[in-house]
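Trainee: Chain by chain, the residues:
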Amino acid sequence: MKLSDFTTRSGEWLRGMGPHSEVVISSRIRLARNVSGERFCSKLDRARRADLEKRIRLAILAAELAPSMLYADLTQSVELERQLLVERHLISKPHAASEDPRGVAVSGDEQISIMVLEEDHLRIQVLRSGLQLDEAWEQISAVDDKLDDSLEFAFSKRLGYLTACPTNVGTGIRVSVMLHLPALKLTGDIEKVFRAAKDLKLAVRGLYGEGTEATGDFYQVSNQVTLGKVEEDIISDFRHTIIPRIVEFEQMARRTLLNERTHFLDDKVHRAVGLLRSARILTSEEVLFLLSHVRLGANLGRVRDVDVGLINELFLNTQQSHLQKVLGKRLDTEPRRIARAEYVRKKLGSAD
Amino acid sequence: MKGDCEGCKKPATIHLTEIFGGKKVEKHYCEGCPKLAGDALAAKSHTPINELLSNFVLQHSGAVRDAGTSCEACGITWAEFKQTGLLGCEHDYTVFERELNLVIQRAHEGAQHHVGKVPARRAAGAIVPKKKVDLARLRRDLAKAIEAEDYERAAKLRDQIRQAEG
Ligand SMILES: [Zn+2]
Ligand SMILES: [Zn+2]
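As you go down the protein sequences, you meet chains A and B in turn.
For the first sequence, the residue numbers in the numbering used here are 340 to 691.
For the second sequence, the residue numbers in the numbering used here are 629 to 794.
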């Protein structure tokens, strides 16, 4: 398996299945871990970094974490490939941009990915469609155990897993749920979600995590407190309280739009469909924005001739790097926007 | 006012200057006071590490060692950590324990102890200490020593606790 094979399939995070999938796009858990006896990343010189990268790579490949596991040495990869991994939520933007020895391991089904030598020695991630946090925890905890057997992670009895940044110390866990909240955005009630999240010490971020805009009405809700709480309790809060409430809030907003503001809703949805079928130049931001409304319309039965699976596919394949990969050529900004519009028209059926 | 803890009116040993909305606010607490953790939490609920560090200037004499203190294993100084927000190695949690305690409490709603997952190898094959040390008692003694401003004894107790914790 090669990095480039990934584009031919829909990423786990956009499979569009799993519980509550009309609103919950994906569930993700990541664990920050460091190898005991080795300096943290910021204090490793290049030679020691390369040695440690190799040691971790061998441990990952020996651990048989999944039936098929790809390991990529990112210093040997091209930028387009790294960008593909970012768009598929398998590595972070800083990990893609770095020039130091580092790597990533990805399981064949893309549920497991491990960033090697990012901020911490290992950032283990499990990503699943819909609301599947319990399953994700079970899976990631087993991966963690297997890797700990050979790598022995830095751990203190008082502070738990020791991380490069003290904000991650303890469990080293980050639980993130990606939500699609177009109705709350349209009604303006999204602000209430932000405020409630802030009170609960949760972070709300955009599509690609830290410092990114909430394009396409995608929001990632994640915990920030990692110490003094048991992993299962953090997860249970998301699973049974936080996420069901936001989902219910979004569903309420959708019902309100459907029953009381039908013309407003239909106008948004059909304008989006119309633009996507007619436009000759499209930026990736605009596509996300329009697809978001189409997805809402499809979920509410307002557009019947557009399949939700196709919408999900377009969400991913209209992103900068995916588009170039799908079309099989490198394109500069302007020709890319034209090619994007063309691709979308072809997929959705052109208006003319 | 200076001299009394905001929370419980005991003699204050921690003096903090918080920059809040561009204004400097001075606050005084006794060490380990529950009010300290609570206030720290209320001050800001979304707190990236840089803000935690820059907005929260620790003035307590005993709490910040001379800028020269560095970790023997990785060479990092507290000043360097304050700049990057990243530690250099696992030992820094011990080297800068006192300084980090406040940062950690602020980031984690006042929590100071891990209660989550323990690596399987530790849980199963853990080496049982020869002498079972009563951690709770040591912590109580530590709190008393700090209250009495007996820093020498407090430092010894901290070492004992650290050893017992492994
Ligand atoms: Zn007090
Ligand atoms: Zn160090």
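There's no promise every hint is true.
Using 30 Å as the maximum straight-line C-alpha spacing, the simulated DSS-like pairs for lysine-lysine come out as follows [what the hints assert, rightly or not]:
1) B:Lys784 to A:Lys540
2) A:Lys537 to B:Lys710
3) A:Lys393 to A:Lys432
Hints are computed from structural coordinates only; laboratory data are not their basis.
Keep in mind it's a predicted model, so treat the numbers as computed, not measured.
Trainee: With reference to the structure, classify each hint as holding or not holding.
Mentor: Against the structure, the hints come out as follows:
{"no.": "1", "hint": "B:Lys784 to A:Lys540", "result": "violated, 36 Å"}
{"no.": "2", "hint": "A:Lys537 to B:Lys710", "result": "holds, 25 Å"}
{"no.": "3", "hint": "A:Lys393 to A:Lys432", "result": "holds, 22 Å"}
This entry does not satisfy hint 1, going by the numbered hints stated previously; all others are met.
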